[in-house]
Amino acid sequence: MNTYYGKSVFGGIAIGRISVYKKGEQQVKRVKIMDADAEMKRYQAAKMVAMEQLQGLYDKALKEVGEANAAIFEVHQMMLDDDDYNDSIENIVRSQEVNVEYAVATTGDNFAQMFAAMDDDYMRERAADVKDISERLLNVLDGKAGAAADTSEPAIIVADDLAPSETVQLDKDMVLSFVTVHGSLNSHTAILARTMAIPALIGTSLSLDEDIDGKLGIVDGGKGVFYVDPDEETLADMKKRQMEEQEKKELLQTLKGKENVTLDGQKVMLYANIGNIKDLATVLKNDAGGIGLFRSEFIYLEKDHYPTEEEQFQIYKQVAETMAGKRVIIRTLDIGADKQCDYFELEHEENPALGYRAIRICLTRPEVFRTQLRALFRASVFGKIAIMYPMITSMKEIKRIQEVVSSVKEELTEQGIAFGEPEQGIMIETPAAALMSDELAKEVDFFSIGTNDLTQYTLAIDRQNTKLDEFYDPHHPAILRMISMVVENAHKAGIWAGICGELGADMSLTREFLAMGVDELSVSPGSVLPIRKIVLETNVEEYKAGK
Amino acid sequence: MKEFKYVITDPEGIHARPAGMLVKAVKEFACDIKIAKGGKAMNCKAIFGVMGLAAKKGDEVTLTFDGADEDAAYEAISKFMQENL
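Here the protein sequences line up with chains A and B, keeping their order.
Just so we're aligned, residue 162 is where the first sequence starts under this note's numbering, counting upward by one.
Just so we're aligned, residue 2 is where the second sequence starts under this note's numbering, counting upward by one.
Hints are not guaranteed to be accurate.
As the list claims (entries may be wrong) - Cross-link-like lysine-lysine pairs, in silico, DSS-like; alpha carbons within 25 Å at most:
# : chain 1 : residue 1 : chain 2 : residue 2
1 : A       : K376      : A       : K333
2 : B       : K25       : A       : K224
3 : A       : K409      : A       : K333
4 : A       : K292      : B       : K25
5 : B       : K25       : A       : K221
6 : B       : K57       : A       : K292
As the list claims (entries may be wrong) - Label pairs and their calculated CB-CB ranges:
# : chain 1 : residue 1 : chain 2 : residue 2 : range
7 : B       : K41       : A       : N512      : 55 to 61 Å
8 : A       : N271      : B       : D60       : 22 to 28 Å
9 : B       : K58       : A       : D270      : 26 to 32 Å
By construction, these hints were calculated from the structure, which means they are not laboratory data.
Every residue gets a Cβ at the ideal spot worked out from N, C-alpha and C, and that includes glycine.
Looking at chain B on its own, in the form it has when it is part of the complex (with noise of 0.2 Å):
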C-alpha cells in the first residue's frame, strides 16, 4: 500500500468538475484508492464520495494506493493533483 499526501491549492476545492476529472483518472487504476479527509476515508473512483468529503483549498487530503498497479497508480495520481488540484 501506498500513501500520498496532498493539500488542495485549486481556489475552488474538489468540486464538480475537478471531482470528475479525479475520479476518471483514478478509475484508469485497477489498484483500490481511497481519498481521505479529517478521518473520513472515500472510494475514490466514486465521484459522490469524492464529491462528498467536500475538500477546499487549503485543505488536506490523504490517497492511499492498494493493489497490483499501486506503484504506477500513485505516480500518475500524484502527478495528477500537483498539476489539477
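Isolated chain A, as found in the complex (with noise of 0.2 Å):
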C-alpha cells in the first residue's frame, strides 16, 4: 500500500481503479545529450513499460471482443519490438548524440511516412499504428501511464492536471474521483469535482512516473489521502466509512421539498451551479430552487467552431423547459484567462486575468454576442431564463450592452421571430463594480457575487498559482465587507443579490450571509441539501445578537 496526500477539494471517500489521465499529443524538444548509453537505457526501460501495457491491451480485448481484435495489440508489440524501428532510434540517439524522445518522434515520423507513401488504403492506415506506437513510447517516456483515461468502469482519474477542454471530454458517469498532481483550489478540476459531488484531491504529492494505472485506489477526500493498493485493514475501514456517509446523505435527502426558511422566518433562494446539460439531473435531484449560474462558455468550450445560434437555443430550451419555470440564470460567454477556445484565437498575454476575456470579448466582437443573445431571447418563451452579464466594471460597459439588447431586440421583432422578456443582472466580481453597486444597480434587475474572481481580483492573487494558495483568503474582512455592501446596495435599489462563486457554497459562512440578507446562494448541486439544513436550523436575529 502507498500513501499519498493532497490538498481536499470535495470530501467523501471513493474507492475504485485507478486511470492515469494522458494528455493529447506530445510536444517533443531536441535536446543534446551527454551519455547516449544512459539514453538508450531510459529507452529500454520506456520500451519494456510500454510492452506490459499492450500485454495488458491485448489481454482485456482478447477476453472482451476475441483474438482476431486483440491481434491488433500483439502487431503493435512487434512493431516497438522490430529491429529496424530500434535501429533507427539507436543510431538517431548516438549519431546525433540527442534525447530519445526526438529519436522515437522522428523514427515514428519516418516509419509512418513509409506507410503513407504505400499505393495501398489498407497500409497506409497502418501509419496510424506506427505514430500510435511512438506516442505510447513518449507517453511512458514522459511520465503518463497508458492510453486516455480508461473510461469502460468507473473509475478514479489521477492526472497533473485537468484543463478545462479534457474535463468537459469526460464521461462524468464513469469518474469517482479526481486526484492532480497540479492544478488550486479554484481550478477547473476543482469546480467539476465541486459540481459532480466527489471526493477530489488536489496537489497531491504523486509522482505520475509510478506505475498505478489500473490499481485499485481509495480516495479519501475529507481527509486528503490517497491510498494506492490499500491493505486489508484499510479497505475494510474504508469501506464502513463510504457506508456511513451513504447514510448521511441519505438523511439529507429528507429535507427535499422543504422551503429555505430560518427559525425566525427568513428566506433564501438555494440555487445550483451548472456547467453543462448534463448536470440537470444532479440539480433536480438535490432540490435546487433553480439555476444561478449556468456557465454557457462550455458550450464554446466543447465545441470546435462558434456554436450556431440554432445550437445554442436548443440547449438554453432545453434548460428551460426541464426547469419548468424555475429561474434559470444564464451567464453569458466568460472565456479567456485559464478558459481558452482555439478557434477564438485569441492572443497570448501575459496577464490573462487582467486581459481580454468575457464581456470584454463580447462587447468587441459583436457578431459573437448578437449570437448568443438571440439565442437566449428566444430560449426565454419557453421558461423563467434570466441573463448575467460576467467581468463588469463600468457602467458605459452596462449602457454598450443595453445598445446591443436593444439592436438584438428590433432585429428579432422585424423578423417575426418571438422571444421573451428575461430578467437582466450582472456579475459583481471586480472591486469596481463592488464599489460602484449603487448606481450600477439602477440599470439591472440582480447582482450575483461571483466571489473567486472578487477574491482574487481584490486581493491581487493569482486564484491559478497554487504557490499563493495559503495568501488566498476568502474569509478576508475585505471581501466581506464588499459582499456585505453589494447586498445593501441592491436592496436600496430595490433588487435582489446573491453569490454565485464558491464561497457561497462555505457553510462557515452561511450564517454571516443570510445575515447580510444575501437573498440567493447559487452553489454546486451537492450542497444544495447541506446548505439548506443549516438555514432550516438558523435563527438570524440571534445569530446577529451573539456575534
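Reconstruct the complex from the two isolated chains, following the hints.
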C-alpha cells in the first residue's frame, strides 16, 4: 500500500480502479545529451513498460472482443520490438547525440511516412499504428501511463492537471474521483469535482512516473489522503466509512421539498451552479430551487467552431423547459484567462486574468455576442431565463450591453421571431463593480457576486497559482465587507443579490450571509441540501445578537 | 541456404495481422530468414520489413533461410505460408 497526501477539494470516499489520464499529442523537444548509454537505458526501460501496457490491452481485448480484434495489440508489440525501428532510434540517439524522445518521434514520423507513401489504402492506414506506438513510448518517457483515461468502468482519474477542455470530454458517469498532482483549489478540476459532488484531491504528492494505472485506489476526500493498493484493513475501514457517509446523504434527502426558511422566518433562494446540460439531473435530484449560474462558455469549449444560434437556442430551451418555470440564470460567454478556446484565436497575454476576456470579448466581437443574445432571448419564451453579464467594471459597459440588447430585440421583432423578456443582471466580481454597485443597481434586475474572481482581484492573488494558496484568504474581511455592501446597495435599489462563487457554498459562512441579507446562494448541486439544513437550523436574529 | 517461393492467396495480402503472425512464426528460429518481393529483400523477423513489402494477393514472395536450423525453419514456414497466407 502506498499513501499520498493532497489538498481536499470535496469530501467523501471513493473506492475504485485508478485510471491515469493521458494528455493529447506530445510536444517533443530536441535536446543535446552527453551520455548516449544512459539515454538508451531510459529507452529500454520505457520500451518494457510500453510492452507490458500492450500486453495488458491484448489480454483485455482477448477477453472482451476476441482474438481477431486483440491481434492488433500483438502487432503493436512486434512493431515496438522491430529491429529496424529500434536501430533507427539508437542510431539517432548516438549519431546526433540527442534525447531519446526526439529519436522516437523522428523514427515514428519516418516509418509512418513509409506507410503513408504506399499505394495501398490498408497499408496507408498503418501509419496510424506506427504513430500510436511512438506516442505510447513518448507517454511512458514523459511519465504518463498508458492510453487515455479508460472509462469503460467508473474510475479514479489521476492526472497532472486537467484543462477545462479536457474535463468536458470526460464521461462524468465514469468518474469516481479526481486526484491531480497540480491544480489549485479554484482550478476547473476542483470546480468540476464540487459540481459532481465527488471526492477530489489536488496538489497530491504523487509522481505520475509511478505505475499506478489500473491499480485499486481509495480517495479519502475529507482527510486528503490517496491510498494506492490499499491493505485489507484500510479497505475495510474505508468501506465502512463510505457506508456511513451514504447514510448521512440519505438523511439529507429527507430535507427535500422543504422551504429554505430560517427559524425566525427569513427566506433564501438556494440555486445550483451548472456547466453543462448533463448536470441538470443532479440539480433536480438535489432539489435546487433554480439555476443560479449556467456557465455558457462550456458550450463553446466543447466545440471546435463557434456554436450557432440554433445550437445554443436548443440548449437554453432545454434547460428552461427542464427547470419548468424555475429561474435559470445563464451567464453570457466568459472565456479568456484560464478558459481558452482555439477557434477564438485569442492572443497570448502576459496577464490574462486582467486581460481580454468575458464581456470584453463580447463587446468587441459583437457578432459572437449577438448570436448568443438572440439564442437567449428566443429561449426565454420557454421558461424563466435570466441573463447575467460577467466581468462588469463600469456603467459604460452596461450602457453598451443595453444598446446591443435593444438592437437584437429590434432585429428579432423585424424578423417576426418570438422572444421573451428575461431578467438581466450582472456579476459583481471586480472591486470596481462592488464599489459602484449603488449606481449599477439602478440599471439591472439583479446582482450575483462571483467570489472567486472578486477575491482574486481584491487580494491581487492569482487563483491559478498554488504557491499562493496560503495567502488566498476568501474569508478576508475586505471580501466580506464588499459582499455586505453590494447586498445593501442592491436592496436600496429594490433588486435582489446573490452569491454564485465558491464562497456561497462555504458552510462556515452561511449564517453570516443570512445575516447580511443575501437573497440567493448558488452552489454546486451537492451542496444545496447541506446548506438547506443549516438554513433550517438558524435563527438569524439570535446569530446577529450573539456576534 | 534454402529457398521457397510462394504466391499469396489470402485476399488481404500480408497485412498487419498476417504479417504479425508470420513474424511470430519466423522468430521461433535462429537462422537468418529473409522475405523478398520483386527483388526487394527484407528481414522476415522485422514486422516493418514484412509489412513494407505490401505483398498483396497474387504477389509472389521468396523466402530464404540461412543458418543452423534452416531445414526445420523451411519446413515449418512453408507450411505456415500455405495454411495462413
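Hint-by-hint comparison with the structure:
1. A:K376 to A:K333: Holds - the C-alpha atoms of A:K333 and A:K376 are around 20 Å apart, at most 25 Å.
2. B:K25 to A:K224: At roughly 21 Å apart (the allowed maximum being 25 Å), A:K224 and B:K25 satisfy the hint.
3. A:K409 to A:K333: Holds, because 23 Å separates the two Cα atoms, which is no more than 25 Å.
4. A:K292 to B:K25: holds (22 Å)
5. B:K25 to A:K221: Holds. B:K25 to A:K221 sits at ~20 Å (cutoff 25 Å).
6. B:K57 to A:K292: Judged against 25 Å, a Cα distance of about 23 Å means the pair holds.
7. B:K41 to A:N512: 55 to 61 Å: holds (59 Å)
8. A:N271 to B:D60: 22 to 28 Å: holds (25 Å)
9. B:K58 to A:D270: 26 to 32 Å: Since B:K58 and A:D270 have Cβ atoms about 30 Å apart, the given range 26 to 32 Å holds.
Comparing the model with each numbered hint stated earlier shows that all of them hold.
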